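**Student:** Listed below are the residues making up each chain.
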Amino acid sequence: MNAEHIVVVNFTRMGDLVQSGPFLRSLKAAHPRARLTTVVFNAFADVARRLPMVDDVVVFDVDRWVPLLDAGRGDLQSAYAEATDFLGDSRLSDVDVLYNLAHTPQSATLCALMRPRQALGRIRLDDGQMIVRGEWFNYLFSIMDERTFNPFNLVEICLRAGSGSGAAHALELRLSDEDRRAAARLLLEAGIRPDGRYVVFQPGASSRSRQWPPAYFAQLASLLHTRGFAMVVVGSPAEKPLAESIISLSHQQAVSLVGQTDVGTLAAVLEGAHRLVSNDTGTIHLAAAVGTPSIGIYLGPAAAKDTAPYGNGHVVIEADLPCAPCGYRDTCQTFSCHRRVTVDAVFRLCMANEQSLDETARTLAGMRVYRTQVDGRGEFSLKTLNDAVTGPDFALLDFYRIFWDNLLKAKPARADRLNAPRAEARPAWRQGAESLRTILESAERWLFALLEEARKPAADVRRLSSLLQGRIAVQNDLRRHAENFPQLSPVSRYLLVRLVSVRTGVLREHLEDMSSLLETYENAVALLTTASAVRITERREHVATA
Amino acid sequence: MNAVDAIERYLADSLSRCAVAEAGDLPTERARDGQPTLTSRGFRLHSAVNPMAEADQQLAEITDELRTAIRKADGGDFTILIFGPGLGYLLRSLQALLQEEHVECSVRVVCVEADPEVAKKALQLRVWESADVPVTWIVGNEALRSLSDMVSGPHFCITVTSGFRLNKESYEPLMASLMGRVAAERPMRILVPTPLYGGSLPTALHCAEAFREIGHQVELLDFSEYYGLFRLADSVTHDARHTRALQNLLTTFLAETVVARALDWRADLVWAVAQSPLLPPALQELRHEGIHSALWFVEDFRIFSYWRELAPYFDAVFTIQRGEFHDALRSLGVRNVMYLPCAANPRVHTPPVLTEEDQRQFGADVSFVGAGYHNRQSLFARLSLPGMKIWGNDWPKDCAVFSLVQENGRRVSTEETAKIYGASKINLNLHSSPHHEEVNPHGDFVNPRTFEIAACGAFQLVDHRAELGELFAAGDELAVFRSGREIAPLVKHYLTHEEERRDMAERARQRVLREHTYVHRMQTALRFCEERMPRLAQRQRGPSYVSTLKAAAADDAELLEFLSGFPEDQEITLDEIVSRIKVGSGTLSRAEGIFLLMKEFRDWGREKGVIQ
Chain A
2 MNAEHIVVVN FTRMGDLVQS GPFLRSLKAA HPRARLTTVV FNAFADVARR LPMVDDVVVF
62 DVDRWVPLLD AGRGDLQSAY AEATDFLGDS RLSDVDVLYN LAHTPQSATL CALMRPRQAL
122 GRIRLDDGQM IVRGEWFNYL FSIMDERTFN PFNLVEICLR AGSGSGAAHA LELRLSDEDR
182 RAAARLLLEA GIRPDGRYVV FQPGASSRSR QWPPAYFAQL ASLLHTRGFA MVVVGSPAEK
242 PLAESIISLS HQQAVSLVGQ TDVGTLAAVL EGAHRLVSND TGTIHLAAAV GTPSIGIYLG
302 PAAAKDTAPY GNGHVVIEAD LPCAPCGYRD TCQTFSCHRR VTVDAVFRLC MANEQSLDET
362 ARTLAGMRVY RTQVDGRGEF SLKTLNDAVT GPDFALLDFY RIFWDNLLKA KPARADRLNA
422 PRAEARPAWR QGAESLRTIL ESAERWLFAL LEEARKPAAD VRRLSSLLQG RIAVQNDLRR
482 HAENFPQLSP VSRYLLVRLV SVRTGVLREH LEDMSSLLET YENAVALLTT ASAVRITERR
542 EHVATA
Chain B
37 MNAVDAIERY LADSLSRCAV AEAGDLPTER ARDGQPTLTS RGFRLHSAVN PMAEADQQLA
97 EITDELRTAI RKADGGDFTI LIFGPGLGYL LRSLQALLQE EHVECSVRVV CVEADPEVAK
157 KALQLRVWES ADVPVTWIVG NEALRSLSDM VSGPHFCITV TSGFRLNKES YEPLMASLMG
217 RVAAERPMRI LVPTPLYGGS LPTALHCAEA FREIGHQVEL LDFSEYYGLF RLADSVTHDA
277 RHTRALQNLL TTFLAETVVA RALDWRADLV WAVAQSPLLP PALQELRHEG IHSALWFVED
337 FRIFSYWREL APYFDAVFTI QRGEFHDALR SLGVRNVMYL PCAANPRVHT PPVLTEEDQR
397 QFGADVSFVG AGYHNRQSLF ARLSLPGMKI WGNDWPKDCA VFSLVQENGR RVSTEETAKI
457 YGASKINLNL HSSPHHEEVN PHGDFVNPRT FEIAACGAFQ LVDHRAELGE LFAAGDELAV
517 FRSGREIAPL VKHYLTHEEE RRDMAERARQ RVLREHTYVH RMQTALRFCE ERMPRLAQRQ
577 RGPSYVSTLK AAAADDAELL EFLSGFPEDQ EITLDEIVSR IKVGSGTLSR AEGIFLLMKE
637 FRDWGREKGV IQ
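Going down the list, the sequences are from chains A and B.
Per our numbering, the first sequence starts with residue 2, numbered consecutively.
Per our numbering, the second sequence starts with residue 37, numbered consecutively.
Bound conformation, chain A alone (with noise of 0.2 Å):
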């Protein structure tokens, strides 16, 4: 499709909207002559404005509308004034395509009003109906909740989810030089020379279960100190209190830009520093899209895999536990993660370079020590840089990256390399897979039954009412399989997110949608089976010798 004007949601929060840059570029290579808007909360606007890749910013500004809704202060009339201006901005009128990438309901009606040719991400169709559309849209959402063989960094599902171009595209940020003027002025205001001989610390997080201690920051700060570094903590103002501790636990070895710093001079401070060392945060994006190295603690819930910096030489660090990463609803008393990611590791880290780097990471131990890749056609991967006793089933995780690149088709089908999983599981996964083909054929007999009727030229609505049901027992089989087959989860949990994305509106979409859905699973089924994967190779095989 040929589009003009391709209008990105990106109600999202800083990370996320530098990480969606590989994607807006992709779009921008795949559609040349297309104007690209993204529309944002008026809190990233700035963040938005330096994506260079985007055309049009447009804000919604969410601080000042909300307070209109409010049941005892606010202005409804006023709201809905607000919300058809907003609606008429002409850069939002005549869209092609929309990408919303955003999860909640409010976006995908917000993007409804746009009234676009086409929408992709959550949406509401023309009844009200909320969908997810496309299939890479469906499977980020298959895997909001349970992300644990979800091979893929977040990136990389935008890329995919996008135009599809195997091309390699780094994160972006457009720095002005008034922006390093102003970094330059904050930091020889604060002592700091701003020679690169200087370490930054983002200790905030969005949860406590997140955030290394402060102390160790501290700690950190005294010996990096002893070889000559400046430390410069920053933060938003909510965090001058954990910039505070952190300043006098260090005996001032630190110095604070908590809440001085907009998005050009904190970027362009993290631009000029040796090291940024940061919990998993917007920061860390910031750093990687303005070149510089990071180290990353990801602690908690905060999994590598899924949202390390993309690109390359960045470290990332988790703790080797069996529960880390937890769950994102688990509660935990002990912070045993916390931990096990050491300061003397961190400093390590931090003091080695390029070809020191894995050689010291193979000593270092209680924890799991990565180094982010990013290959010529933008795929991610984490090298591991030690002897970790836990860790990711690397293996599985390859299998479901390309069972997803067959399945939903985004990338050049790589069958050979579609191996079984590991030979210990191998009873319960054929179980699974074999479960997965059950739940299939009663799906498949079900639909058939619904278009035997619906095909009648007098069709008997009451039956058809009650086949339609059949719909929701395909649903509860689903859901039981994802409980009882944990490593097949992902395959059921896709299924599930399409299934509730069934358009329901009309018969003719229904069948449609479901004959569509059926197919993919079909081919799921047969990737899933290890005969059938063996097939695949073998065909493959015959194909290549040939």
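I should point out that these hints are in silico values taken from the structure, not numbers from a laboratory.
Owing to the predicted nature of the structure, the values given are computational and were not obtained by experimental measurement.
Hints are not guaranteed to be accurate.
Using 16 Å as the maximum straight-line C-alpha spacing, the simulated EDC-like pairs for lysine to aspartate or glutamate come out as follows [what the hints assert, rightly or not]:
#, chain 1, residue 1, chain 2, residue 2
1, B, Lys618, A, Asp128
2, A, Lys29, A, Asp56
3, A, Lys384, A, Glu355
4, B, Lys644, A, Asp128
5, B, Lys618, A, Asp127
6, B, Lys461, B, Asp394
7, B, Lys461, B, Asp401
8, A, Lys384, A, Asp406
9, B, Lys644, A, Asp71
10, B, Lys586, A, Asp76
11, A, Lys29, A, Glu173
12, B, Lys461, B, Glu566
13, A, Lys29, A, Glu5
14, A, Lys384, A, Glu272
15, A, Lys384, A, Glu360
Far from chain B, some chain A residues (derived; all Cβ distances over 10 Å) [unchecked claim]:
#, residue
16, Ala30
17, Ala35
18, Tyr81
19, Asp97
20, Arg118
21, Arg125
22, Glu136
23, Gln253
24, Phe336
25, Glu445
26, Arg481
27, Gly506
28, Thr530
Don't be surprised by glycine CBs; every beta carbon is placed ideally from N, CA and C.
Following the hints, position chain B against chain A.
**Tutor:** Same frame as chain A, now just chain B:
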């Protein structure tokens, strides 16, 4: 201009002029500071020390509210009505206030005086100034009837306590009619949670009906449906502690239900009656959320003591007893306390149509309807009135009068009760007491039955109560006994004087219709709430959201079409609008989409704690 002309120019119409012309002269008295003051029918109308200071103080109490009302008039015409002005000291204070303030409205003051003699004296003495603000007096009951025609547009009512009390019966219906108009213009959203059972359950229903009749929006939370669940706690265990714990859980659940509904519906006021399931945490939450709450405690405070725990959390407490009870409430920190006697609902309590069968079943020389409290059992056993019928439940089978109890002491419906009243020559009404052998000599409040029998046009013989005299004329509207000994001679007399009985019953009924209906009570209560709760008075409802949107969206055909399905005269919330949007059946209009968007972002804002 001679003195007569000077008086006449203040008078609103010829009826007022006639009333003043025919009025007698009252003697002028002097307050300690030398200013004139007045006594009418034995009541002093102004302070005997410093009438001007008294008026200044009274005005100061309502100045803020008055300012707000004037501001809202937004520069247009504005009328201030003074009910029972006496000699007009408050008018003088008001003139001073209006001169001090820069008022952009065109204000006029109307003094409403039912007593021509008082008005005549006021107009002769004229303690107020001739200022820019036009002042009109409307005098005498004849002229007062046209008051509501004289007042149009925004207005504010001030009652001068002593003067108002003297002719309350004349002023109250006028204020009610003006208020009814206000209600229609600015309806409140009143949430009425009912008790699960008991005598105050029908009271809650009557209150809700009255609020509706006045023109407010009412939502009834009828908790009587939960009575079965409440009783279940009784039947599952013999351990009283368990029963209590289970019932407390249910009460907590229902109290939270009230809060949830009040928030969701954006109620202005939660109106509870005795036994409505509300608890301090829920009431605190309502207060925190800016929703007012009021309690009408229609029970004997000496017998039920739970008001101590609850009353401080209500913004206003209405009682059927005063004196000692009010002192106790104030000592608990309850600031807004008002005496509000029981009432009748003329739609339910109305003269019944009796068939021959009804007459046979319910008819009697003397009847009593009510539960078998100790004093009733004891007194009725001693009375030995032949042909007396007792109706109602909770009469022990072994009590001396059980032979008089009809149909095995089954519960009687409201409709049957009206029939019993109508079919009986004399309805005996003895206020209950668990502590006395007959009449409670210290009984104060008047029970609902007194009003209900009267409203049914039936004759009653009722025991003396301290508050009865202010509500009914003893011996003229109903017959009163002070002890059991007085009953038999009174019964004998009235059984043989049918016409007297009929006339008294009719007068009592007229009195109820004039003064003692739930509509009267709820008007009084809401007026008090508005006086004491500025937020309630200032509620800015104005024209409904739907009608303003319609006006603003004249060129948005789609929006207009969507809104055409909503009533214009009612306040409607975002949730109510969205609940009408049908997802999955036909294409959503842009207007529907925007409302959905507004609700989704509203929910999101609430989840984030950014908005309420």
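**Student:** State for each hint whether it applies.
**Tutor:** Taking the hints in turn, this is what the structure says about them:
1. B:Lys618 x A:Asp128: holds (9 Å)
2. A:Lys29 x A:Asp56: holds (10 Å)
3. A:Lys384 x A:Glu355: With Cα atoms ~14 Å apart, Lys384 (chain A) and Glu355 (chain A) stay inside 16 Å; holds.
4. B:Lys644 x A:Asp128: violated (29 Å)
5. B:Lys618 x A:Asp127: holds (12 Å)
6. B:Lys461 x B:Asp394: Cα-Cα ~14 Å, so holds.
7. B:Lys461 x B:Asp401: Status holds; Cα separation ~5 Å.
8. A:Lys384 x A:Asp406: Violated, because 21 Å separates the two Cα atoms, which is more than 16 Å.
9. B:Lys644 x A:Asp71: Distance ~12 Å between Lys644 (chain B) and Asp71 (chain A) Cα, so the pair holds.
10. B:Lys586 x A:Asp76: Status holds; Cα separation ~15 Å.
11. A:Lys29 x A:Glu173: holds (14 Å)
12. B:Lys461 x B:Glu566: violated (43 Å)
13. A:Lys29 x A:Glu5: holds (10 Å)
14. A:Lys384 x A:Glu272: Since the Cα atoms of Lys384 (chain A) and Glu272 (chain A) sit roughly 24 Å apart, the hinted pair is violated (cutoff 16 Å).
15. A:Lys384 x A:Glu360: With Cα atoms ~13 Å apart, Lys384 (chain A) and Glu360 (chain A) stay inside 16 Å; holds.
16. Ala30: Per Cβ check, Ala30 (chain A) is outside 10 Å of chain B; nearest 33 Å; holds.
17. Ala35: With a cut-off of 10 Å, Ala35 (chain A) remains clear of chain B, as the shortest Cβ separation is near 25 Å.
18. Tyr81: violated (6 Å)
19. Asp97: The assertion about Asp97 (chain A) holds, with a minimum of 20 Å to chain B.
20. Arg118: holds (16 Å)
21. Arg125: At roughly 8 Å from the nearest Cβ of chain B, Arg125 (chain A) sits no farther out than 10 Å, so the non-interface label is violated.
22. Glu136: Per Cβ check, Glu136 (chain A) is outside 10 Å of chain B; nearest 24 Å; holds.
23. Gln253: holds (36 Å)
24. Phe336: holds (26 Å)
25. Glu445: holds (26 Å)
26. Arg481: holds (27 Å)
27. Gly506: Given that some Cβ of chain B is not farther than 10 Å from that of Gly506 (chain A), nearest at about 6 Å, it is violated.
28. Thr530: Holds: least Cβ distance 37 Å, greater than 10 Å.
Hint violations for this structure: numbers 4, 8, 12, 14, 18, 21 and 27, all remaining hints satisfied.
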